[in-house]
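Protein sequences appear in the order of chains A and B. Here the numbering used here is used: position 318 in the first sequence is 706, and no number is missing along the way. Here the numbering used here is used: position 261 in the second sequence is 270, and no number is missing along the way.
Read the hints as simulated data drawn from the structure, not as lab findings. Misleading hints may appear alongside valid ones.
Unchecked claim - Here are the computed distance ranges between Cβ atoms for each label pair:
id : chain 1 : residue 1 : chain 2 : residue 2 : range
1  : B       : Asp232    : A       : Cys686    : 57 to 63 Å
2  : B       : Gly93     : A       : Val625    : 50 to 56 Å
3  : B       : Asp232    : A       : Gln679    : 56 to 62 Å
4  : B       : Glu329    : A       : Glu608    : 52 to 58 Å
5  : B       : Gly74     : A       : Gln679    : 18 to 24 Å
Since the structure is predicted, the reported quantities are computational estimates derived from the model, not experimental observations. Glycine included, every Cβ here is placed at the ideal spot set by N, Cα and C.
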Amino acid sequence: FELNAECQGRRGVLMLNGVAIQTPCLVPYTEEGHLPSLTPDIVDQLKLEMLQVSLQDMWPNLQMMEKYGNGIKKLNNLENHLYMFISRDPLTYYESNKNNVSINTKGGIRTVSSKDYMQLARSIQPDIITSISYDISWVSSNKRKRACVENTLKWLDECLELKQVDDIIFGTIVGGSGEMDRYYSATQTSQRNVDGFMFGGFGLDEEEEEKYRIVNKIIENIDASKPRAITDQGDPVCVMELVSHGIDIFNLTYPHTMSCLGIAIVFPLNNFDTQQPIKLDLHSKEYQLDQRPLVENCECYTCKTHTRAYIHHLINTHEILRRILLEM
Amino acid sequence: VGSYPGIPTISLIMSALTFVVKQECGTSKARASDLTLPHGLVPTPIFMPVGTQGTIKGMTSQQIGDTGAPIILGNTYHLGHRPGPDIIDEMGGLHNFMNWKGNLLTDSGGFQMVSLLKFANITEEGVNFTSPHDGTSMLLTPEMSIQMQNKIGADIIMALDDVVSSTTTGPRVEEAMHRTLRWIDRCIEAHSKPDSQNLFGIVQGGLDPELRKQCLKGLIQRDLPGYAIGGLSGGESKNEFWKMVSICTDYLPKDKPRYLMGVGFPVDLIVCVALGVDMFDCVYPTRTARFGTALVANGQMNLKHKKYKYDFSPIEDECECIVCSSFTRAYLHSQAKSQYGGQLISIHNIAYQLRLMRTARNSILDGKFVEFVKEFMLLQFPNGDYPDWTVDALMSVGINLK
Numbered sequence: 389f390e391l392n393a394e395c396q397g398r399r400g401v402l403m404l405n406g407v408a409i410q411t412p413c414l415v416p417y418t419e420e421g422h423l424p425s426l427t428p429d430i431v432d433q434l435k436l437e438m439l440q441v442s443l444q445d446m447w448p449n450l451q452m453m454e455k456y457g458n459g460i461k462k463l464n465n466l467e468n469h470l471y472m473f474i475s476r477d478p479l480t481y482y483e484s485n486k487n488n489v490s491i492n493t494k495g496g497i498r499t500v501s502s503k504d505y506m507q508l509a510r511s512i513q514p515d516i517i518t519s520i521s522y523d524i525s526w527v528s529s530n531k532r533k534r535a536c537v538e539n540t541l542k543w544l545d546e547c548l549e550l551k552q553v554d555d556i557i558f559g560t561i562v563g564g565s566g567e568m569d570r571y572y573s574a575t576q577t578s579q580r581n582v583d584g585f586m587f588g589g590f591g592l593d594e595e596e597e598e599k600y601r602i603v604n605k606i607i608e609n610i611d612a613s614k615p616r617a618i619t620d621q622g623d624p625v626c627v628m629e630l631v632s633h634g635i636d637i638f639n640l641t642y643p644h645t646m647s648c649l650g651i652a653i654v655f656p657l658n659n660f661d662t663q664q665p666i667k668l669d670l671h672s673k674e675y676q677l678d679q680r681p682l683v684e685n686c687e688c689y690t691c692k693t694h695t696r697a698y699i700h701h702l703i704n705t706h707e708i709l710r711r712i713l714l715e716m
Numbered sequence: 010v011g012s013y014p015g016i017p018t019i020s021l022i023m024s025a026l027t028f029v030v031k032q033e034c035g036t037s038k039a040r041a042s043d044l045t046l047p048h049g050l051v052p053t054p055i056f057m058p059v060g061t062q063g064t065i066k067g068m069t070s071q072q073i074g075d076t077g078a079p080i081i082l083g084n085t086y087h088l089g090h091r092p093g094p095d096i097i098d099e100m101g102g103l104h105n106f107m108n109w110k111g112n113l114l115t116d117s118g119g120f121q122m123v124s125l126l127k128f129a130n131i132t133e134e135g136v137n138f139t140s141p142h143d144g145t146s147m148l149l150t151p152e153m154s155i156q157m158q159n160k161i162g163a164d165i166i167m168a169l170d171d172v173v174s175s176t177t178t179g180p181r182v183e184e185a186m187h188r189t190l191r192w193i194d195r196c197i198e199a200h201s202k203p204d205s206q207n208l209f210g211i212v213q214g215g216l217d218p219e220l221r222k223q224c225l226k227g228l229i230q231r232d233l234p235g236y237a238i239g240g241l242s243g244g245e246s247k248n249e250f251w252k253m254v255s256i257c258t259d260y261l262p263k264d265k266p267r268y269l270m271g272v273g274f275p276v277d278l279i280v281c282v283a284l285g286v287d288m289f290d291c292v293y294p295t296r297t298a299r300f301g302t303a304l305v306a307n308g309q310m311n312l313k314h315k316k317y318k319y320d321f322s323p324i325e326d327e328c329e330c331i332v333c334s335s336f337t338r339a340y341l342h343s344q345a346k347s348q349y350g351g352q353l354i355s356i357h358n359i360a361y362q363l364r365l366m367r368t369a370r371n372s373i374l375d376g377k378f379v380e381f382v383k384e385f386m387l388l389q390f391p392n393g394d395y396p397d398w399t400v401d402a403l404m405s406v407g408i409n410l411k
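Isolated chain B (complex conformation) (with noise of 0.2 Å):
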């Protein structure tokens, strides 16, 4: 299939989105693009606030609404406990049930499964989790993950991957990624809503470049609508997270959405759009506002410092969000420690995170990526220390930093 910007693909299996790129970057791998789903528009790059049970920490519908997110996520483990699957689905499906109009996107489970439970032990079948309790068992099969997503009904689901962590080394990272090859088959088979439901692919291979790329050549040939990149943003040392991204979005087709899972930091964020990627989730902003901490064009503003007690004016001046064009620092000050201050500094975050994959989209669409990325580094970090990796990472798609 070819990749030509601005004409859309048409895929051998079913898909319910169309993806368009509008503009790349001529220098860096980066592009614009507009991924229509079907609930709406989304304008890539994108960031995706995470509604983990059906609501984004403090933050009504309206107001998720009014910041001008297109696309958030929920999560199949959590949902799938409170309320479970079937009370969803006779709710009308997630989107009904939490009244939100836009996209929405399902993680699998699994990753909740490895990383929150203790017990979990992965065979072929699927998850397995046996509670050290009462001995009872859990199971999460690729079958019952698309399943319960099905039911959930979001606009992008996820595959169920073996996930290990980045940190594993030896046969287990070679057999989990062969698995997710046999369980992504098992993910398409049990899939009852393509015409309505894209399922993503999800590439898994560790920090291993040739395992990376067996993965990838397994997944392009299932011809997904879109495809994650995943097992990163675990405890690998930065270097060896951009450059498995970097290989990913190398092989990965140009005219599908590429989505990097759990990432991130405002800076993740830009040096991956240089790498290539479309989508982005973390629960890093909303986590972070609840701390009494601000995202800002230089870093980070921790408003519960005492220096912000008699600061008057408010987060960020260029935010056009209803925190900034209405509060002060010091009344955020005064509010950091308290529900009601992590509420209204999560709405700012959000409306950061957003502004800022906007910004680099216009960026990429006025041909002036490059000269973006250098202004932002320098603004977080104005002495111009940038960490050895941003600068590889950088450098490794023309973009030179020193």
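Next up, chain A with everything else stripped away, as it sits in the complex (with noise of 0.2 Å):
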């Protein structure tokens, strides 16, 4: 991970697996390893650098992955991206107990150790893995962040154990809204050999001020020459605020959630002023006959090829093809 330019908010270029990629990065919400709705060789006009991939999606299909053995970009037919292995799903909640991760599958509610983590991890092959870790609420009892805080400090010393030779592993921290234990989460894992620190447990009940607050904390206690990641909804301006902060990698929800809700994503990327729309509600009448594509000059296939009338459109009629246009 090189680093070549810092200010507030710091730009750099990380190399993995040969491939190298520059940061602040996105790295999009996906469905067992792809993009909702979109198939690869959409993907792959989205030039998009690396996709997350999540223990509770990918848990029920342990057998079939070692099985196949290929890993998962081969499986999705993106192979051209790098792939990063959470233990989190971003967008559901499900309550561990304080010693175990539970995680809700499709198959039913599971319990998943450091060594199960990475059994699956070994069958996914993916390119960055986040040591294993269950989300806590931001109020949580004193008692509680206590426990999160030392059985994953405790499951990050499993997984490096079982760490091969061309592994990345990225410790992740947790704690909270409590400074003491996010200050002792983040010492520690920065003294153990990781490539790069996941903040965890962010993108949840957190307030505004307590998320940058506590993000600094653990920034003045880890290591800065590592890259660190954080799992967030990312509004817009809550990412930017983020860079500004210096996270380097950012898995969002954002652009899926707003796909979902039938809304797209305009704001201007230079010259951006507040009068500006963010937001497009493309459920609204006002689009039936608006020829214009969502944003001008916009490179995507949506807004090379559609109009907002006829996203409009499909919106009014549930058309599958929606969440296509949008999510892309």
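Make one complex out of these two single chains by using the hints.
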């Protein structure tokens, strides 16, 4: 990981398995490792760099993945992409008890040990493995925060023990809103031989102010030369703030959630001013005859091919294509 | 008008297509032809995927184009409600609205009105629907249907016909047949774009050969650019189905395209090609895909079945679609119950139907159609347990399966 600019926020180049990507970078939400509604021919047009794949989605597929043997990239026909394996599904929440990670899979509730987790990671063959953890709410009791921190560190050590030579492991830093807990988690994790850090437990119930305060607390206490990832919803303003605080890798659900809601993200990437809309609700009849693309000069297939009126029609008629076009 | 293969005819009324029969099967009634429409060449026999509401479910216009489909359908009934003909007109027609550069065919809206609406009442004026909830009336006349289709702008438009279910018997069937002929004249009168949109008439007459012949005679006199065979693919027995198709293809002019509406399953397609049909449409491939079923050479593959859980081969080795070149049955099994799985299998199923028709066409061009039919039927029924209707239908055109 090489940093090539740092002011408020930092810019860098992350080298993974022979591939170089620029940071800050977006890691969009996936379902079982593929983008929702988007087939590989479409994803290839998007020029994404890294995708996430979650424990919860992949756990029921462990046997199949092991028999298949070719990993998540070939499985999804997305071989030109890097993958980051995370232990948390950002769109659902299932409460673990304090000493075990519990997940809610399509086959039922399962408990996953660090050993299980690494076994699944082996079959997925991701580029980055984040150490296993569970999320807690920011208002959890001190006992719960402490248990989460201690267990996460224990599991990090177990993951590192099972690490093979080429594995890239990010340590997950937890602790809810507790400054001491986060301090402890950060300093301890930083002492281990990790390749980067996953800021865990964000995008839940935190207050805005405490989000940035805790991010700062963590950053103060970790090795600055290593990349930092965060799982967040990804409201654009919030993302900008997090960039300025020094986060490098963003697992975001925002684009997906917005397309599920029938909302197009339209804020201009240059010359942004708060008078212009960030989003368009394409349910609105005001778009019935609107022949413009979602965003002028946007290079994506949706904007080069279709009008707001057509997407409005697809939303009105609940057609599958609406999900494809908006997700893009 | 003559019917020599290779020579286009001159129509008495304006038509916006040319139809050239390139080759006839020497034995059956099958033929391979080139149908040229305003948005490009359609080699027949052809399968037309259905994009009911201005989209083929789960596929982008680019993906449809990539499968090679030269023509797709839109439904006037659905599009007439949402977004409505005036919006489509302002958007420059359906081609522009959905950004589809190939050909489009729209049906009249009549079938949906009759089949989807329990309270439809058909009068001489048109199809009348009275809502039982609030008493409001909706009327679809031949003029209104053609006007809507003119606004939608499809390359082929369908006349409003008086459709009766194929299980209906009695005087209603005859009444519908005569009315269809009166309505075709109203459709021709109302059609404002004959230079860019081809109006096809639809042969009705239920399961009565004499009524069918009368209807055929009347429609042929109108010298339309093309003809559809309607009122089948309903609840009738397959035995009656094929006989009506065959009567129609016996009488319909050879030098014009023949479209069998709402058909269908692969076996139906091949038998009806043998009977002389050129064009087909059906929602079956995409609908069955969304239930996890893939179409393959020997029938259907239910990918939800657990036997595919660790099957790492593609759906079909010989298929060149993006799904077969990139994904395994095991993967599709894991996705079969999701929307994503439905999308992927839809792409394959459309590609399959198009490839099936292309193979049939090539076999006609190569003079090997009869062998092709026999091979195909044996793949579908490896024990030789062909359904009786297929044996009879193919025998009637000189193809002996046994």
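Hints not upheld, ascending by number: Numbers 1, 2 and 3 - these are the hints that the structure violates, sorted from lowest upward.
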